[in-house]
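Please model the complete structure; the sequences and the hints are all you need to start from.
If you're matching them up, the sequences are chains A and B in order. Read in the working numbering, the first sequence has 129 at position 129, and its numbers run on one by one without any break. Read in the working numbering, the second sequence has 602 at position 327, and its numbers run on one by one without any break.
For each label pair, taking beta carbons as the anchor points, the in silico distance ranges come out as:
id: 1; chain 1: A; residue 1: L34; chain 2: B; residue 2: V399; range: 17 to 27 Å
id: 2; chain 1: B; residue 1: P291; chain 2: A; residue 2: T171; range: 48 to 58 Å
id: 3; chain 1: B; residue 1: T551; chain 2: A; residue 2: N106; range: 29 to 39 Å
id: 4; chain 1: A; residue 1: D144; chain 2: B; residue 2: P486; range: 26 to 36 Å
id: 5; chain 1: B; residue 1: P486; chain 2: A; residue 2: E103; range: 27 to 37 Å
id: 6; chain 1: A; residue 1: T171; chain 2: B; residue 2: W545; range: 45 to 55 Å
id: 7; chain 1: B; residue 1: A454; chain 2: A; residue 2: L34; range: 11 to 21 Å
id: 8; chain 1: B; residue 1: V637; chain 2: A; residue 2: P228; range: 21 to 31 Å
id: 9; chain 1: B; residue 1: H446; chain 2: A; residue 2: D16; range: 19 to 29 Å
Non-contacting residues of chain B with respect to chain A, defined by C-beta distances greater than 10 Å in every case (computed):
id: 10; residue: A301
id: 11; residue: I304
id: 12; residue: L448
id: 13; residue: Y541
id: 14; residue: A586
id: 15; residue: N598
id: 16; residue: L609
id: 17; residue: L664
No lab work stands behind these hints, which were simulated from the structure alone. Positions of the beta carbon are idealized from the N, C-alpha and C atoms, including for glycine.
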Amino acid sequence: MSQKKQRITLELTRRDFLVLGGTAAGSVVAAQVLTTGVLSPFSGLKQRQVTGDEAPEKASSDYHWGMVINLEKCIGCEYCQRACSATNDVASDKPWNIVVEDELDNGHGFFFSRPCLQCQDAPCVEVCPVQATYHREDGLVVMDYDRCIGCRYCEVACPYDARKFNWAERTDTNAYIPTWGIAEVPRRPRGVVEKCTFCIHRIDAGLANGLMPGVDREATPACVNACPVGARLFGNLKDPNSKVSQAIANNPTLRLREELGTEPSVYYIPPKKEA
Amino acid sequence: MTTVALPSKKPALRTPGFLAWLAFLALCILIGLVSAYQVLSQGLAITNMSNTVPWGLWITIDLSAIALGAGAFTLSAIVYLLRLKRFRPIVRLAVYVGFVGYTTALLTLVMDIGRPDRFWHPWVYWNVHSVLWEITWCITLYLIIMVIEFMPVVTELPFFDRWPRLRVFAHTLHKLAPALALIGLGISLLHQSSLGATYGILRSRPIWFKPSMPIMFILSAVAVGPAVAMAVAFITEWSTKRKTVPHDVLRAIARFSGFGLLAYAYIKFWDLAAVTYYGRSPQVNQGFAMLNEQTPYGFGFWVVEVIIGIAIPAIFFLSSRFNRQPVYLVVGALCAMIGIVASRWNVTVSGLTVPLAYSPGVLYQAAPGSYAPSLAEWGVALGVIGYALLMLTLGLRFLPLFNGAPSEESKS
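This is the structure:
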């Protein structure tokens, strides 16, 4: 009698086991179908995360905007930082563009500057929970200030410290206006993260008017225009004849923290080691 | 389950001690509300968070509250999936503690984001590649699961006598308990560890970037979550002088937590060995050297996280000399909770203190972070802790958290 009872219990557990196993297997299959299969709502969103529907029509994949910064030429005048701060109306305590002194391991000093590097595999784009920051097809990493929830994960994730949060409503007067330019974009509201855009408003308006960014000043980022020694070049990395492509072809270049695999669109010509 | 005996004698509400406790909680919540108003009107500028340390005390509270609520999914899985029915008397309490923990975390999170008015964006604008998006979704779904799991308990209140259909519906829902436990287990295994992955996936942060981060987060949560429910049961028993959950069950939970803590300690030990010794890299070494020089990192790690957070509770939970006396179990649970909070704080603030270095030169690196919470941050923290304690107090007073399971089951 007791043996029979035990057998029933055994069968019950086996059934449960099968049910559980079946559920688990079913979940795996469902997950596969839903994430990579034909039914997947995500199938359009692969690796590179190009969100075509959000990119303006004028941004086309014929372009990949990039910058070359020649550290050998840079004299540390900070004109780029000032022009950027005026044009984009950036607060003085959290500049988009930084210029700092640095030196090589042999003690040779140089000036290092850094805009947003517009990474092609950008950690900030990966981590944003709401796609408030995303890639355009022309390589730019853009912010949607109307969508950002202000969680600041992108700021934590950026390897280059290129993102700044608006902790308060801006009430300051921008000391760089009008000496270094006038504000061409509105101030960002309180509670969102902001970053360098490669002066996207100039690029888009310029292309719409038949100008070429990097060649025509009206379509070129303010920092590039302001540089008195031509240490910054801007242009289309996909065009082998553009200034940036030529500079990369004819000089040794490096990108910041290449080992992270972020694929920045900003190339640096390193300073020469002098004795 | 269908016939439920409501407590015949209602606990006294107007004892001086209870009123004083309520007054204290009201004060905490009042301070919290004033601070929250300040933050909402003036912005996060009144916190001490900065662009170098953009996360601080509030994130620590989020992470801790969710980890401490992990008893809900752990004990649900133990009872409904592993069918260890003797643990049934504590499931309701554990789910309630989990609910309080998760709502506390969401409250704090809403204060922490720059645009609280856009809290709903992750539900509408999806970035399936973001670990934070996954966490938001999992937490939301798990909160819904806990509400469904908990509906029968709420509808047992005399208030619902007038809607018998609702009660029947809630009890029908309760039949889904095993399915809910399974889904809850899956979702919790995802987000409890993803909270660690939030840090662990960031390639540019030397002392965060490691695959052990999510493992340590979930192990510590599974270990300590049930112990929190255990401690709440004991404290309720002391303050109301009524039996809550059989003591042998509570002791068994403590032993489970003790073994969980040992597993956590094991992974933590290997993490330490791999990161700082066998697999050390110059960047990580520099990071830790800087932390030890400029912050009490070593003290926080060894004394608070390891000794107070792991060693003491593990001894109290596992040694039969201690675990037969409830007071040691409660003290052990409190120590383990302190350990959880300290580990979440250490991860967040230490990782942000180590500066980023990205220049091709050797001199320049971003400024190292420094952070201590501001008054407004402490105020909001006090408020949400007051909220959590008030919810626990009211729930334990008014909800039939301990009547759900027939006592015969617990004796088997």
